[in-house]
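A.B. asks: Add chains B and C to chain A, keeping to what the hints say.
Chains as they are written, first to last, in the working numbering: chain A, 1 to 362; chain B, 1001 to 1362; chain C, 2001 to 2362.
Please note that a few of the clues may not be correct.
[To be verified] List of simulated lysine to any residue pairs, SDA-like, C-alpha gap at most 20 Å:
(1) 216(A) - 1362(B)
(2) 1216(B) - 2072(C)
(3) 1216(B) - 2348(C)
(4) 1216(B) - 2231(C)
(5) 216(A) - 1348(B)
(6) 119(A) - 1074(B)
(7) 2216(C) - 174(A)
(8) 311(A) - 2231(C)
(9) 311(A) - 2306(C)
(10) 1311(B) - 2311(C)
(11) 2311(C) - 1310(B)
(12) 311(A) - 2202(C)
(13) 2311(C) - 308(A)
(14) 311(A) - 1306(B)
(15) 1157(B) - 1237(B)
(16) 311(A) - 1237(B)
(17) 311(A) - 2298(C)
(18) 1362(B) - 174(A)
(19) 1311(B) - 234(A)
(20) 2311(C) - 1362(B)
(21) 2119(C) - 71(A)
(22) 2311(C) - 1237(B)
(23) 1311(B) - 299(A)
(24) 2216(C) - 343(A)
(25) 2270(C) - 1175(B)
(26) 2157(C) - 2102(C)
[Claimed, not checked] If you want a taste of the chain C side facing chain A, the calculated C-beta under 7 Å gives, among others:
(27) 2127
(28) 2162
(29) 2172
(30) 2183
(31) 2187
(32) 2190
(33) 2215
(34) 2284
(35) 2307
(36) 2318
(37) 2319
(38) 2321
Keep in mind the hints are simulated off the structure, nothing from the lab. It should be emphasised that the depicted structure is a prediction, and the values quoted were computed from it without experimental measurement. We put the CB at the ideal spot given by N, CA and C, even for glycine.
The lines below spell out each chain.
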Amino acid sequence: MSINGRLPEEITAMLNAAGSRRAFLRNSAVTALAAGALAGCKAGGQQTQAKTPNDSDHSGGTTAPNPIAATPAAAAEEMDRMHEAGIKAFPAKTEGKGNQVLAPRMDKDVKVFDITASKIQWEVEPGRKVEAWVYNGQVPGPQIRVREGDRVRINLKNELPESTAMHFHGLEVPNDQDGVPFITQPPVKPGASHTYEFVVPNAGSHMYHSHHNAAKQVGLGMLGAFIVEPKQPRPIEKADVDYVMILNDGMHGYTLNGKGFPATEPIVAKLGQKVRVRYMNEGMMIHPMHLHGMHMTVIDKDGWPQPAPWKCDTLNIAPGERWDVIINCNNPGVWAFHCHILPHAESPHGMFGMVTALIVEK
Amino acid sequence: MSINGRLPEEITAMLNAAGSRRAFLRNSAVTALAAGALAGCKAGGQQTQAKTPNDSDHSGGTTAPNPIAATPAAAAEEMDRMHEAGIKAFPAKTEGKGNQVLAPRMDKDVKVFDITASKIQWEVEPGRKVEAWVYNGQVPGPQIRVREGDRVRINLKNELPESTAMHFHGLEVPNDQDGVPFITQPPVKPGASHTYEFVVPNAGSHMYHSHHNAAKQVGLGMLGAFIVEPKQPRPIEKADVDYVMILNDGMHGYTLNGKGFPATEPIVAKLGQKVRVRYMNEGMMIHPMHLHGMHMTVIDKDGWPQPAPWKCDTLNIAPGERWDVIINCNNPGVWAFHCHILPHAESPHGMFGMVTALIVEK
Amino acid sequence: MSINGRLPEEITAMLNAAGSRRAFLRNSAVTALAAGALAGCKAGGQQTQAKTPNDSDHSGGTTAPNPIAATPAAAAEEMDRMHEAGIKAFPAKTEGKGNQVLAPRMDKDVKVFDITASKIQWEVEPGRKVEAWVYNGQVPGPQIRVREGDRVRINLKNELPESTAMHFHGLEVPNDQDGVPFITQPPVKPGASHTYEFVVPNAGSHMYHSHHNAAKQVGLGMLGAFIVEPKQPRPIEKADVDYVMILNDGMHGYTLNGKGFPATEPIVAKLGQKVRVRYMNEGMMIHPMHLHGMHMTVIDKDGWPQPAPWKCDTLNIAPGERWDVIINCNNPGVWAFHCHILPHAESPHGMFGMVTALIVEK
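So here's chain A without its partners, still in its complex pose (with noise of 0.2 Å):
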């Protein structure tokens, strides 16, 4: 698995890199708990005693703290060993990876994708296994990327139990390719098949998903991103890094591409660069999704250009909208990244579900 062409254990380097107080920290933290733990009933218990790296431009300490009981002190060190262990594992390694682009194969002028609908067990964090119904294996299922006025075949091949149907959300199809049984076509019953052809009509940042059960079936995982490249693209939309969030809150709890914090994939970039988000919501909740450090430049709305891009670190996303953004990764840093609603985010037993994070390298 690569994280923008990285490795994830080149990433666990970049954030232990980004202060050895991390490593002194998860020493002390244990140690801490340790002596807490043992010490039981007595008053006192160890702390820790850390000091933040100053530089030129600013400067952070940290003091010795008072002492407090031991009982206390031992239950909020466990907090924060807690909330340690989950960003020490970060990002982790979990069984599949969603989201991944297809290339289709030709035929003649056409661009054909083969997508399998099926029952698996997908890892949504390190050892948590859920029932998923996914295209080609992967939650999101595989990413269909294309370029406008393509003509795109999709043969979609149904080895669920029940029937289903392909949406193309947000592409202006021809009405009998739209994917809603019983209205543009009959289900697709299990065991059979179902091929869609239509000629990619607008750019942007789209969706594919399940119309038939689709509370159930887009819950369990039958959705991917359907991303039409324009053929004139647009100065500001030029990036360096192009990166789908799919987010969702089903039956598998918070996700972004499948995945909950740490076993979400850090987006990476060097100072200067540019990052083009391209968010998409397949859940059934807002998430406001919250950037650190730096604002996101708003383009496009459902794949349509705004018509005067605008600034914000806090952008509001509900099911079925797609948002695209641009970052210019001009703070350097491990930045945090995650839903604002912080239940969906943290927990006494620290960082989960929609959380990531932006690593801007010097």
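C.D. replies: Just chains B and C, lined up with the frame of chain A:
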């Protein structure tokens, strides 16, 4: 009951004409279901075999399924049967129609609207009747449609068992006409009447509703559209069809204009026409409304022009908000149109709640 | 406690002066209630008969009701009595006031803010005290208000039983001042202190809050406004009244600046003045804030100028978002101002939670 001037029977005919495959499917599904049920524990229940019609621009096909176990197949068929039954029933007849334009009577130069609040039974979907607190016997209440600068008088008669008051949401009326008990007026007691009168100050898509014990009273149906046509319409707001769509999610379930699918009303337009949809949310949740097949151009927010109209296919509408959009009907067919919080639109029993269709006739 | 420089008593007087009908009503309601209760099972309990005052521009009237059954009438009267009692009590005195501007002390050219996190009891509404985790003894924490380019130092002292950290939400600070434990700094242990220092990088309406076990810590009150005034204000952002409104919906219930109605604070302006409201959502839900009587012009999102200001009367504010609006106070009176998710603002017992008023004095 007419829908944009058409009878429900005509709509049903259009839906059926949308493909003889619909009738075919229906028959084959019923056959299959019966076969599956009869097959009992035997493997290889009868399966449907359907082919979507192709046109010169695209092709699609459903091929024969592999034999699968009879019992899950029967369950799958039963699910499909329920889904199809819902769509076949659309637009379903129910008693009562809300949001009917109320012609004023003139008292000299004053447009007078007589509105009585009372308690009734309201049929949300075929056979499902609920207690409703209503204006003039309908949910939503009658549509008030006047012109900027008109002098209007609303005679509110309260036949409910509790006090009420009427607020003109979005209209910048003088304070003592604002309808907030104990701040701008006394409550209107059971059996009492109250008169509101003002010169209509600002154009746009507004609402009227109870502002007393409102979580209950609005939830039960005391709400309606208050449309103010501008003295000088902008070119962008000219439309062939002007449709008010009031979203609700209170005690009556998920509704569009007081009805749940399949009793919702399709919007009908001819190819090349423009449809204006005036979304209004009188509920307690957001509803990101998604239109298939065509995009929407957002022109107004809360009755105020957006400085630069922008495009989308999924528009998030929060409680109290109004958003006006223009749809350029350039893609013929029957298009699903629904809230994209999927549990507001579909269950294993089929589509329900916040679902309707935009029908673009060739 | 002063409200925009006025005593609560003065506000109450204004509200009462808004109509002698208020006092009249109060008396008659009590009489009616007593009559209704005394009437027992007899039909025809005493009813109120009220008349709203007319002015030359509009007229309104409440006519005599028909007799109705005494017991439902008594229930209706009791409901009205509770509603009135809430409004009469507004703005209710409670112990503690949040969001008070904290004057910095200067250390050479550095603006220093000393902030202590501790656990207290906080009075949300008259008589309802809750556990709160707070900065400097108030909810929201003290308002930090500095200027773009200022050098600031925040000395955070942690007197809580668990670790914490401070994040400057929206400020593009250097990474090691970002306040995310185990990513940019060690957690600040119970009893410990930590210093943040940076040059304020970007103007606008920002926030500071805990970023450690934040679903709990922010939910309990560890949040505040961090306002950065620009070096060169734009003409559109000049206002006579500058009001920060922090929305919350955590363990303290539905609050505006840490208080629920009737303990919320009205905004007071004179006719013709401009009010800037800086909305900030520190909760877990959206809150579409609705102002009666006048519209709002949206000028900033998350501290960044909107390229083209736009108008609305209901503004949907998601967790983590900040929206700045300008209200041109051209309509005199006491105007309800509330979240339009009605169960966040009203119950059968009257208004509560996210309700306040904008008072425009002639």
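A.B. asks: Against the structure, test the hints numbered earlier, and report the numbers of the ones violated in rising order.
C.D. replies: Of the numbered hints given earlier, those the structure breaks are 1, 4, 7, 15, 16, 20 and 27, listed in rising order.
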